[in-house]
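Novice: Sequence:
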Amino acid sequence: MNHLEGDDMPAEFESTELLRGRPVVCLHPDSPLAAGAQVSVDDLLTEPLIVMRSGYVMHRYVHRLLAGRAPAFVCSTDGAEMGKLMVAEGLGATVLPDFSVVGDPLERRGAFVWRPLAGDPAGVLLVLRRRRAASVPLAARALHEAFVRRALSLDGAVSRRPGA
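Here the sequence shown stands for residues 179 to 342, where the numbers follow my numbering.
In case anyone wonders, no lab produced these hints; they're calculated from the structure.
Source: prediction; values computed, not measured.
Even for Gly, the Cβ is constructed at its ideal location relative to N, Cα and C.
Any given hint could be a false lead.
Computed spacing ranges between beta-carbons, pair by pair [as the list claims (entries may be wrong)]:
{"id": "1", "residue 1": "G281", "residue 2": "A245", "range": "30 to 40 angstroms"}
{"id": "2", "residue 1": "E323", "residue 2": "D220", "range": "40 to 50 angstroms"}
{"id": "3", "residue 1": "A213", "residue 2": "D298", "range": "41 to 51 angstroms"}
{"id": "4", "residue 1": "A245", "residue 2": "L306", "range": "27 to 37 angstroms"}
Put together the whole structure using the sequences plus the hints.
Specialist: Right, dumping it as structure tokens:
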């Protein structure tokens, strides 16, 4: 699950960091904002905005980012995949962690592009959580280890910049 850097981890869970990234703006290639190297909050307010519904970490992040300012138009969706599809269809822009965007099949096909947010956005972590327990079932341990191995194999592969 995603977690904002600096927020407290729930004490009743063991949390293992898998990936660390930054929020980026996903845009349709025809968006005027796609021509720039980065997107400011003021720029973001000029686009129709696709936000994650309440309860998602990125919903909370965008709420903090906009600091009470309202974008031109807002629609909400459940999850990054639907947000990226809506961007690819030209319905607006969305803010997601770079590790959810870079290398995505729709990005590789040119259906959407991404740009970093201007300034120093908070980090977003992808963490694996499980309840603290004296004994963890073998299958759960094996799955946990597989996720950790996969994350280690990526070794920063998602941190590249547009056009790299």
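Novice: Would you mind marking each hint as holding or not holding in the structure?
Specialist: Hint check results:
In this structure the hint that G281 and A245 lie 30 to 40 angstroms apart at CB holds, the actual value being about 31 angstroms. At roughly 45 angstroms, the beta carbons of E323 and D220 sit within the given window of 40 to 50 angstroms. A hinted range of 41 to 51 angstroms for the beta carbons of A213 and D298 is inconsistent with their spacing of about 23 angstroms. Checked against the hint of 27 to 37 angstroms, the pair A245 and L306 passes, with Cβ atoms roughly 31 angstroms apart.
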